[in-house]
Amino acid sequence: MSQSQASLSLDHLVNRVKAALTEVTRRSDIAQLPAEASLVDDVGLDSMSVLAFFMALEERIGNFRIQIDELEHDDLQTIASVARFVHARVSVA
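So the sequence shown is residues 1 to 93, counted in our numbering.
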């Protein structure tokens, strides 16, 4: 697998999502959460922290910018759902 393909793997993106969540929430246990952890119930994101989270995520993923109008409610449910959302956008870029 090439470097660019590796950077697009879902596992890699889950780790990037967790890193951004760690920065925003300042919680040291985010890396241990399962990919299906709820962003609201398990991570503790609220409407104010979602914007900061996406800004931190954009910094960690090259050539990716969030288009708010593309987001669906289901895209923001879990760590994995955010990773899948990013994966779909980066893969077609």
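Don't take every hint at face value.
[What the hints assert, rightly or not] Quick list of simulated restraints, FRET-style, between CB atoms:
| # | residue 1 | residue 2 | range |
| --- | --- | --- | --- |
| 1 | Arg-60 | Asp-29 | 14 to 20 Å |
| 2 | Asp-41 | Gly-62 | 26 to 32 Å |
| 3 | Ser-28 | Glu-72 | 26 to 32 Å |
| 4 | Glu-70 | Leu-10 | 26 to 32 Å |
| 5 | Leu-10 | Asp-42 | 27 to 33 Å |
| 6 | Asp-69 | Met-48 | 15 to 21 Å |
| 7 | Glu-59 | Ala-88 | 16 to 22 Å |
| 8 | Ala-19 | Asp-75 | 17 to 23 Å |
| 9 | Ser-9 | Ser-47 | 27 to 33 Å |
| 10 | Glu-58 | Asp-11 | 28 to 34 Å |
| 11 | Asp-69 | Ser-28 | 18 to 24 Å |
By construction, these hints were calculated from the structure, which means they are not laboratory data.
We put the CB at the ideal spot given by N, CA and C, even for glycine.
Against the structure, the hints:
{"no.": "1", "hint": "Arg-60 - Asp-29: 14 to 20 Å", "verdict": "holds (19 Å)"}
{"no.": "2", "hint": "Asp-41 - Gly-62: 26 to 32 Å", "verdict": "holds (30 Å)"}
{"no.": "3", "hint": "Ser-28 - Glu-72: 26 to 32 Å", "verdict": "holds (30 Å)"}
{"no.": "4", "hint": "Glu-70 - Leu-10: 26 to 32 Å", "verdict": "violated (18 Å)"}
{"no.": "5", "hint": "Leu-10 - Asp-42: 27 to 33 Å", "verdict": "violated (19 Å)"}
{"no.": "6", "hint": "Asp-69 - Met-48: 15 to 21 Å", "verdict": "holds (20 Å)"}
{"no.": "7", "hint": "Glu-59 - Ala-88: 16 to 22 Å", "verdict": "holds (20 Å)"}
{"no.": "8", "hint": "Ala-19 - Asp-75: 17 to 23 Å", "verdict": "holds (18 Å)"}
{"no.": "9", "hint": "Ser-9 - Ser-47: 27 to 33 Å", "verdict": "holds (30 Å)"}
{"no.": "10", "hint": "Glu-58 - Asp-11: 28 to 34 Å", "verdict": "violated (20 Å)"}
{"no.": "11", "hint": "Asp-69 - Ser-28: 18 to 24 Å", "verdict": "violated (34 Å)"}
In summary, the numbered hints that this structure violates are 4, 5, 10 and 11.
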